[in-house]
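Protein chains: 2
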Amino acid sequence: MADSQPPAQEVEDGGPTKSALKKAAKAAEKEKKAAEKAAKQQELAQQRAAAEVDFAQDNYGPLPLNQSQSRPRIPRADISHLSNRVGENVLIRARIQTSRAQGAKMVFLNLRQKTDSIQALLVLTSEKISKQMLKWASGLADESIVLVDGTVEKTNEPIKSATVSDVEIHVNKLYLIAGLDARLPFSVEDAARPLDPNRAEDAPETEGQDAKDANPQYSRILLETRLNNRVIDLRTTTNQAIFRLQSAIGHFFRQYLSERGFIEIHSPKLQGSATESGASVFKVSYFKGAAFLAQSPQLAKQMAIAADFERVYEIGPVFRAEDSNTHRHMTEFMGLDLEMAIEEHYHEVMETLDGMLKSIFSGLRDHYKKDIETVQRQYPADDFKWREGPEGTLVLSFREAVDILVEDGVPREGLDDFTTAQEKRLGVLIKKKYDTDYYIIDKFPMELRPFYTMPDPEDPTLSNSYDFFMRGEEILSGAQRIHDPKVLCEKMREKGVDPDSMKPYVDAFRMGCPPHGGGGIGLERVLMLFLKLNNIRRASLFPRDPKRLEP
Amino acid sequence: MADSQPPAQEVEDGGPTKSALKKAAKAAEKEKKAAEKAAKQQELAQQRAAAEVDFAQDNYGPLPLNQSQSRPRIPRADISHLSNRVGENVLIRARIQTSRAQGAKMVFLNLRQKTDSIQALLVLTSEKISKQMLKWASGLADESIVLVDGTVEKTNEPIKSATVSDVEIHVNKLYLIAGLDARLPFSVEDAARPLDPNRAEDAPETEGQDAKDANPQYSRILLETRLNNRVIDLRTTTNQAIFRLQSAIGHFFRQYLSERGFIEIHSPKLQGSATESGASVFKVSYFKGAAFLAQSPQLAKQMAIAADFERVYEIGPVFRAEDSNTHRHMTEFMGLDLEMAIEEHYHEVMETLDGMLKSIFSGLRDHYKKDIETVQRQYPADDFKWREGPEGTLVLSFREAVDILVEDGVPREGLDDFTTAQEKRLGVLIKKKYDTDYYIIDKFPMELRPFYTMPDPEDPTLSNSYDFFMRGEEILSGAQRIHDPKVLCEKMREKGVDPDSMKPYVDAFRMGCPPHGGGGIGLERVLMLFLKLNNIRRASLFPRDPKRLEP
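Line by line, the protein sequences are chains A and B. Sequential numbering of the first sequence, starting at 1, is according to the UniProt record's numbering. Sequential numbering of the second sequence, starting at 1, is according to the UniProt record's numbering.
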């Protein structure tokens with residue numbers, strides 16, 4: 001290693017060489033740096049001493065910035081578990097959602113942790129809680145993070161303003177962990193209020209407009225304002241619950257599939273060519289050339305089947321360069337995709353997808369009741385309904401779905417495909433007739449599907465493909481795929497795709513590929529429609545659309 | 001809806017209107033299409049009839065393209081479970097890895113499913129197996145997918161060429177599900193052979209060069225050739241095992257964290273500005289503007305902490321526009337990231353990361369023994385070693401790590417940071433001294449870390465940060481982060497980053513953020529180093545580097 005060589009000779013006859021001068025300059029630079037470091041160190045130590053409170057002596061004040069200085073290992077309590085700990089002394093880290101002084105002798109704090117809140121109070125006493133402490137406590141900004149040392153006490157009557165209503169905290173010590181360095185754009189309490197039900201349900205983008213005639217029990221914060229200040233908006237109990245439910249959907253998806261022999265794959269999002277279907281793709285500068293962002297893992301997961309993985313799933317971002325700003329489109333969303341080999345019939349795939357979705361629905365209902373109820377307080381909705389009995393999920397053929405709309409007065413002629421409004425209407429009609437929010441439409445016309453879709457063996461104008469719906473909106477699209485390279489190339493040409501432009505994909509089938517099928521779900525759509533959030537942005541942590549790339 | 005209006009009056013005085021002419025043209029078009037459809041339908045039916053074999057009558061031949069025509073629900077057998085089913089008749093879908101005729105009366109097939117293979121044989125008999133059938137069977141191309149109906153029989157002596165060696169299949173019926181439409185670039189059997197151990201271990205890119213003096217027991221297929229034909233390469237038992245292990249790592253990662261109150265988040269990969277650290281980012285054309293691909297979920301996961309999620313993890317692609325083609329760099333890889341609030345000390349985070357990694361190591365060892373052994377047949381390696389006893393994982397400070405290298409002869413002066421070679425050497429020295437392939441280096445100099453790293457409270461030239469190593473290579477980098485906006489802005493300026501260029505990020509801390517820390521693992525690095533695959537591309541399904549965007 002070059003590093004371990006001894007330094008070269010530095011001084012030659014006739015005075016210092018260039019390298020010696022360099023070295024001296026370097027040494028001076030080093031000394032200067034060391035002096036700067038020492039000064040900084042001292043400054044930091046002073047700052048620390050000034051900020052620090054003596055945990056043993058003082059019972060209020062700000063804590064030092066960097067708390068990694070000792071480790072007494074005192075457990076912090078979870079607000080939602082305090083009802084069973086009456087009389088105990090606990091240590092709690094929480095946000096102050098709101099604070100309120102009552103006269104000169106009491107301060108009430110509403111403390112919040114994720115989906116829960118509890119009341120805490122400081123009462124002036126001669127020994128413990130001083131006037132100064134009360135004043136300091138009442139001056140803490142909303143959304144400050146505090147460390148509270150207090151006793152859990154039963155309340156005389158239920159505290160309506162907190163989710164934990166049967167106990168409260170009598171504060172002994174109160175420390176500030178992190179304060180605020182800016183004005184809040186809105187209060188988290190306001191942000192958690194329901195939307196005005198008198199406004200158009202399908203126009204949530206306008207929520208809070210016409211603030212003058214708004215009812216104060218409803219939130220008046222625009223979705224736009226919320227998303228611009230997403231970090232604050234996400235702190236609402238509603239959003240804490242929404243993203244716990246989002247996480248749970250991924251969990252149930254994986255659990256169902258891994259129990260059935262699927263493995264998780266990760267396919268590249270950077271692609272060499274802009275391919276697949278007509279949907280627009282994003283172009284990326286790739287060193288001296290170009291790459292494209294995958295608009296789905298379709299090609300990769302089919303290649304994984306040709307590579308004998310048999311059953312695969314992927315959870316990953318999907319990119320769509322579509323300039324549409326509807327309530328249900330984003331430029332980046334999470335795809336839950338699967339692909340599997342077929343033994344006898346493509347309904348093996350459809351039934352796996354169906355079973356997986358039902359395991360998500362029942363998983364959420366059975367294990368996340370509290371979170372669903374938390375969301376429903378802000379977004380009231382009927383519980384999501386699906387068939388669980390032996391009759392199974394409602395499966396209609398495309399033709400049967402057309403018949404339902406025709407019966408409702410839509411002329412058959414225009415029904416080569418469904419408009420978004422027709423899909424929504426179909427959802428209403430099916431709910432009325434079959435009492436389910438969840439159903440499958442099977443056997444779509446071949447014309448409506450991408451080139452890789454397997455035609456129906458009896459009627460080549462139809463295909464072995466299906467869409468799944470929740471509350472009248474599509475959440476999943478899938479099909480049996482063509483595994484024969486000759487038929488695949490033929491279909492590509494029919495749809496105007498040059499097989500040579502997708503050579504690695506086509507080659508995978510030339511090397512032998514089993515019959516297979518699959519489908520892809522939009523994670524945020526499932527979440528939005530299960531909870532009836534009415535706008536997909538509410539189901540995405542930091543949503544992206546043609547107009548939004550931040551935060 | 002416009003669709004439900006009655007059609008407008010079509011014929012007026014004086015002959016057909018434009019709209020009537022249009023309609024007639026449309027009708028003619030429709031008729032033509034219908035005729036085309038009918039012709040196609042007939043053609044398809046003929047093709048099918050020609051290809052189809054009568055399952056009841058014929059006992060060999062090709063099966064129809066689209067098998068979704070009936071659903072007798074006959075279960076397919078898993079090769080690896082056949083040892084316990086001697087005497088039973090089974091139906092198997094498998095690849096023909098190789099086939100061999102013995103005289104005119106016998107054909108041997110080596111059948112493969114994922115990580116397993118079994119011998120099957122056809123013997124000429126008067127009633128069942130005809131000469132024609134034998135000839136047809138022996139003509140099937142390697143890698144064809146077949147459906148085999150046969151009887152499980154004990155073998156007289158172990159079959160060395162198959163992983164299931166105590167039983168074989170006596171074939172009664174044999175059907176072709178998918179044949180080959182091209183020449184194989186290499187045989188899967190050859191691709192599964194070990195590499196020549198006499199070649200340089202750290203230069204696997206050159207594997208198989210100088211083919212003239214190669215030993216036939218070793219594979220001579222270049223990594224480049226493998227990756228160009230990745231779908232075939234992935235069919236080896238080795239690769240089937242590698243990607244089952246990759247899937248398992250994700251599973252153990254999530255299991256450990258969700259048991260400890262973490263939720264999974266999904267942060268956007270499309271970003272409004274090119275930020276974070278010095279690493280290069282990819283630029284994306286975004287409608288009329290530009291976006292950038294996230295080089296880590298760093299900013300988003302910290303914002304999730306400021307948004308009160310407390311403990312979050314993410315599994316997602318990470319993009320690095322670095323023009324480096326080493327054995328351990330890719331332009332896209334999978335990041336396993338976590339971030340969590342700290343109560344007392346940043347070692348809470350370090351210990352969580354440590355516990356999580358150890359749960360992955362023991363999970364793989366305890367539940368995936370067979371897969372690890374499968375990989376070791378092609379890539380021989382010592383079992384990965386880590387400390388499991390009460391002494392805990394080896395944690396060295398950066399200074400202690402420097403001392404070890406100095407003791408080994410490296411001059412202290414050059415050791416402000418480690419070179420890749422020094423890291424590797426350190427791994428060897430630590431293995432010798434402590435008998436572990438896994439260790440942590442804590443307390444890195446502040447200078448070496450990004451702006452968001454929390455300085456050490458005692459010595460501001462050091463930081464509350466750590467790297468984790470496997471076999472002398474870094475797999476995880478993490479730290480406590482600065483949660484105070486003023487200190488954060490100061491550090492940003494020191495590192496030459498304008499706080500205004502990252503406003504949404506800085507604002508998150510202005511609204512109050514708890515102390516927190518985290519880390520990010522490279523999934524493929526963990527997999528590569530656990531198995532000692534020597535090149536990260538072997539741990540990625542479809543790897544991406546500056547020179548590779550396909551397949």
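Where hints are given, some of them may not hold.
Each pair may be met inside one copy or between any two copies, as identical chains are not told apart.
[What the hints assert, rightly or not] Below 20 angstroms or equal to it, Euclidean Cα-Cα: the simulated SDA-like pairs (lysine to any residue) are:
1. K32 - R244
2. K33 - E458
3. K486 - L63
4. K283 - R548
5. K32 - F252
6. K503 - R548
7. K283 - G272
8. K283 - E322
9. K283 - A321
10. K283 - L394
11. K503 - L227
12. K32 - R387
13. K503 - L140
14. K283 - K547
15. K283 - H367
16. K26 - D484
Read the hints as simulated data drawn from the structure, not as lab findings.
Tested hints:
1. In this assembly of identical chains, the alpha carbons of K32 and R244 never lie at most 20 angstroms apart, being 51 angstroms within a copy and 55 angstroms across copies at closest.
2. Taking CA atoms no more than 20 angstroms apart as the test, K33 paired with E458 passes between copies only; the shortest distance there is 18 angstroms, against 81 angstroms inside one copy.
3. Taking the shortest Cα distances, K486 and L63 sit within 20 angstroms of each other only across copies (16 angstroms), while inside one copy they are farther apart (71 angstroms).
4. With identical chains, the CA atoms of K283 and R548 are at most 20 angstroms apart both within one copy (18 angstroms) and between copies (16 angstroms).
5. Proximity of K32 to F252 under the C-alpha cut-off of 20 angstroms is found in neither arrangement, the shortest distances being 58 angstroms within a copy and 49 angstroms between copies.
6. For the identical chains of this complex, K503 and R548 are inter-copy neighbours only, at 15 angstroms across copies versus 35 angstroms inside a copy, given an alpha-carbon limit of 20 angstroms.
7. Taking the shortest Cα distances, K283 and G272 sit within 20 angstroms of each other both inside one copy (10 angstroms) and across copies (15 angstroms).
8. In this homomeric assembly, K283 and E322 come within 20 angstroms of each other (Cα to Cα) both inside a single copy, at 13 angstroms, and across copies, at 18 angstroms.
9. Within a single copy, K283 and A321 get their C-alpha atoms as close as 9 angstroms, and across copies as close as 15 angstroms, so both meet the 20 angstroms cut-off.
10. For the identical chains of this complex, K283 and L394 are neighbours neither inside a copy (41 angstroms) nor across copies (45 angstroms), given an alpha-carbon limit of 20 angstroms.
11. Taking identical chains as interchangeable, the C-alpha atoms of K503 and L227 lie at most 20 angstroms apart only when they sit on different chains, with a minimum of 14 angstroms there against 42 angstroms within one chain.
12. Proximity of K32 and R387 under a CA criterion of 20 angstroms is satisfied in neither setting, with 75 angstroms inside one chain copy and 43 angstroms between copies.
13. Proximity of K503 and L140 under a CA criterion of 20 angstroms is satisfied in neither setting, with 64 angstroms inside one chain copy and 25 angstroms between copies.
14. In this homomeric assembly, K283 and K547 come within 20 angstroms of each other (Cα to Cα) both inside a single copy, at 17 angstroms, and across copies, at 17 angstroms.
15. Within a single copy, K283 and H367 get their C-alpha atoms no closer than 42 angstroms, and across copies no closer than 42 angstroms, so neither meets the 20 angstroms cut-off.
16. Taking the closest pair of Cα atoms, K26 and D484 never come within 20 angstroms of each other, the shortest separation being 68 angstroms inside a single copy and 34 angstroms across copies.
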